[in-house]
Amino acid sequence: MLIVESDGKALLRSCGIAVPEGTVVAAGETPTLSGADPWIVKAQVPVSGRGRAGGVIRCDSAAAVNATLKRMFDISIKGHLVHRCLVEHPATGTETYLSLMLDPANYGVRVTLIREGGVNVEESGLSEHNSRLCEPEHTAIVAALRELTAELALLDFGDKLARLFLDRELILAEINPLFVGANSCVAGDAKLVVDLNAAERQPEIARLIEAAPEIYPDAVRKLRDGFDYVEVDPKGEIGLLTTGAGLSMMLIDEMTARGGKPLNFCDIRTGLLRGDPTRLIKVLGWIGERDVKVLLVNIFAGITDLAEFAELLCVALERTPSLNAPVVARIVGNRVDEARAIFAAKRPDIAVEEQLTVALGRVDAILRGAAS
Amino acid sequence: MIGQLSRRTPVIVQGATGRAGIVHVRRMKEYGTNIVAGVSARGAGTTVEGVPVFADCRAAVGAIGAQVSLLMVTPNAVLASAEDAIAAGIKLIVTVAEGVPVQDAMRVGRIVRAAGAQWVGASTPGLAVPGEMKLGFLPNVSLRPGPLGMMSKSGTLSYETGYRLATMGLGQSIWVGVGGDLVKGLRFPDLLDTFLEDERTKGIVLVGEIGGSEEEDFADALMKAKTQKPVYALVAGRGAKEGVAMGHAGALVYGNVGTFASKKQRLEAAGARVFATIEDLIETCGRDHGGR
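Sequence lines, in order, name chains A and D.
Position in the first sequence counted from 1, then plus 61, gives you the working numbering.
Mapping of the second sequence onto the working numbering: position 27 corresponds to residue 16, and the numbering continues sequentially without gaps.
Since the hints were derived computationally from the structure, they do not count as laboratory data.
None of these values were measured; they are calculated from a predicted model.
One or more hints might be untrue.
As a list, the in silico DSS-like pairs of lysine-lysine whose alpha-carbon atoms are at most 30 Å apart [unchecked claim]: (1) D:LYS191 with D:LYS18; (2) D:LYS218 with D:LYS80; (3) A:LYS296 with D:LYS253; (4) D:LYS253 with A:LYS322; (5) D:LYS213 with D:LYS253; (6) A:LYS354 with A:LYS407; (7) D:LYS253 with D:LYS218; (8) A:LYS296 with A:LYS322; (9) D:LYS253 with A:LYS139.
Work the whole structure out from these sequences, hints included.
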C-alpha cells in the first residue's frame, strides 16, 4: 500500500536522504513556522495527483499557511479525509523524476530517470532513453542508474535510495520532484509503496502505520486483526459482511452500478473463524457505527461449514445491538440446508437466499422501501 | 505442463501433515488427484490418508518420483519449500498461501525461472482440470468439465463464476487461479498459449481485478495471437479506493497504475468482452457455448 509523503520522507531521512525542512501538522494544530516564507502546505493523503486535486498549496505568509491549513482539514481528496498536513519550505535545484519500481513480470527492478520533474511517468512514457530494467540487487540498480546519468549528486542519491528500496522491501519508491543541485539532491516528494505482507520483519514501517490509524485505518485493521475491511463510503447505505476479496469488490461494483451505496469492502475469511464469533462481532460493530439501511451477508462456502457460520452469525447479531438494519443473507455451498433451518429457528427475520441476483434484488427492495 | 495434467499425474503435497494439509489431501484424493507423497520435516515416516510422508522433496522424489508439487505451507515458509521442490527437480509448483512477502515471491520467481519450471500462486485456491484432478481447494460445486478455460486472480469471484457456469450446464476445460498477489508465478499472459493450444478449450473466461498490469499484458498477448477463441472478462474493483490494497496485496491502484478503466480499454481493444456484471458474462457464455 501507498504510505503518505511525510511517512515516506521519514524513511528517506532514516537512510541519509535529504528532504526539505518542514513540519507535520495534525488537524486542529497551529504550526510554529521557522525561517522565511514561502511555504508549501501539502495534504497527507495516500493518492497520486494531489496537486491537481487541490492538496498542494503555495503560501507566501504565515497567515496564508494557517488559513490554508484550516481549509485543508475540511476537505477530502479522492475519498481520503485530510488528517495531517506537511508544511515545507520549497527546495531548489533542477526538477527531476526518479523512481525504482518492482517489475513483477520480470522479477526485476525498473529504474526510471526523467530530467523534468512534475510529470507523470505514464504521460512521459518509458524508453531506453530514460529507463532500465535490472536485477533486484544494489549493485545492479546503481549500475542501471549510471547508464542513465553521470551526475555524481544523482548517483549518490540513487545509491541511498536503492539501499532503502531493498532493505525496506519496497514495491515502489518514486521521487517526483527530485531537486538536483551541483553537489547534492533533495527529495521534494516521496511516493513509497510498502509491502504489508512484510510488516512483521519491517518493524520501522509497521510502527509508522500503527502510529497513524486515522490515515491508515484499513492497514491498521489488517495488521491487528488479520483480515480485510475497507470503508469505501462513510455515508454508505449497504453494509457488507462478505468473504473473498474479488467477490466483495465485484459486489461493490455491481451495487454501485444499480444505484446502491455500499459502505464497505470486507473479506472476513470464514475459514479462519474456527467457532469463534469475535471477528463477526467486530465487523458488525464497525458497520453498526454507521447508518446503514441494510446488511448483506454473502458467503460462498467451498469449505466453510455454513451451519456453524449461521450459529456464529446469530450470536454476533445478538451481541451487536447498534446494528438494527434488516439482514439479507446469501449463502451457498457446504451444509446450506442446515444453515437455513438455523436461521429459520433463530432469526426468521433474515431473508435467506441462495442465488446472488435474487439477494441483490432483495437489497434493492429494502432500499426502495426505506426511501419511500 | 498444465495442459497435460490428468488423474494419472503424480503429485507431491508439501506441508501435508498440517491442519489444512490433512483436510485437503483427503479432498483432493476424493476428487481424483493422484497424490503419491507428502512432505513434512516433522511427519517424516508417517502417512496421511494412506500417502507416505518424507522429510523433504528430494527424498520424496527419489522414492516415488513426481514433477508436480502443491505447497500447503505458511506464507513465510513458501520460499524455503519452493527451493526444496525446485532443487528436487519439480517442474510445476502450486503455492496456496496468502501473505507471502513480495521479496520472497521475487526470489521464488527467479529460482523457478532459472530452473525452467512453472509456478502457480501465491494467494490462490490452486488449479483444476475438472473431472480429472485438482491441486488446492477449488470447490467441487464450481467445477464441471466443459469448454471454457478459466484464469482468475480472485478465488471467491471465480468460485461464483464457475458455480453459475456449472449451474447452467457449462464447465471448464482447465481452471488456473493465478492468485491475487502483485509478484507471482504464472500471470494471465503466460497462460494464453496453454489455453489456445488446448483442444478442449473453446473460449476463455478471465476473472481479473484492479492493480498491476496483468490484464493489460494479457491484452497485448491476445492482440498478437490473433485467435478465434472468444475471451470473456470480468474486472473487479471499479469502486476501489486509491492507495489502499483491496484485500489482495496486488489489488492496489495509485495514479493511473492498475485502474479499471485502463484494463477494460486494453482488453476490449484486443477483442475481449468485458462485462459489468457476473450475470452478463454468464448469459453470454451460455448463448455462445450452449448452456441450458
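Hint check:
Restraint check for LYS191 of chain D and LYS18 of chain D: satisfied, since their Cα atoms lie roughly 28 Å apart, inside the 30 Å limit. Taking the CA atoms of LYS218 of chain D and LYS80 of chain D, the gap is about 28 Å. The hint holds against a cut of 30 Å. Under the criterion of a C-alpha separation no larger than 30 Å, the hint pairing LYS296 of chain A with LYS253 of chain D is consistent with the structure, at around 28 Å. The straight-line distance between the Cα atoms of LYS253 of chain D and LYS322 of chain A is roughly 23 Å, inside the 30 Å bound, and the hint therefore holds.
Among the hinted pairs, LYS213 of chain D with LYS253 of chain D is consistent with the structure: their alpha-carbon atoms are about 18 Å apart, no more than 30 Å. Between LYS354 of chain A and LYS407 of chain A, the direct Cα distance comes to roughly 22 Å. Compliance with the 30 Å bound is thereby established for this hinted pair. Using a Cα cut-off of 30 Å, the hinted pair LYS253 of chain D and LYS218 of chain D holds, with the two alpha carbons roughly 18 Å apart. Of the supplied pair hints, the one linking LYS296 of chain A and LYS322 of chain A holds, its CA atoms being roughly 8 Å apart against a limit of 30 Å.
A distance of roughly 21 Å separates the Cα atoms of LYS253 of chain D and LYS139 of chain A; the hinted pair therefore holds under the 30 Å criterion.
Violated hints for the displayed structure: none, as all numbered hints are satisfied.
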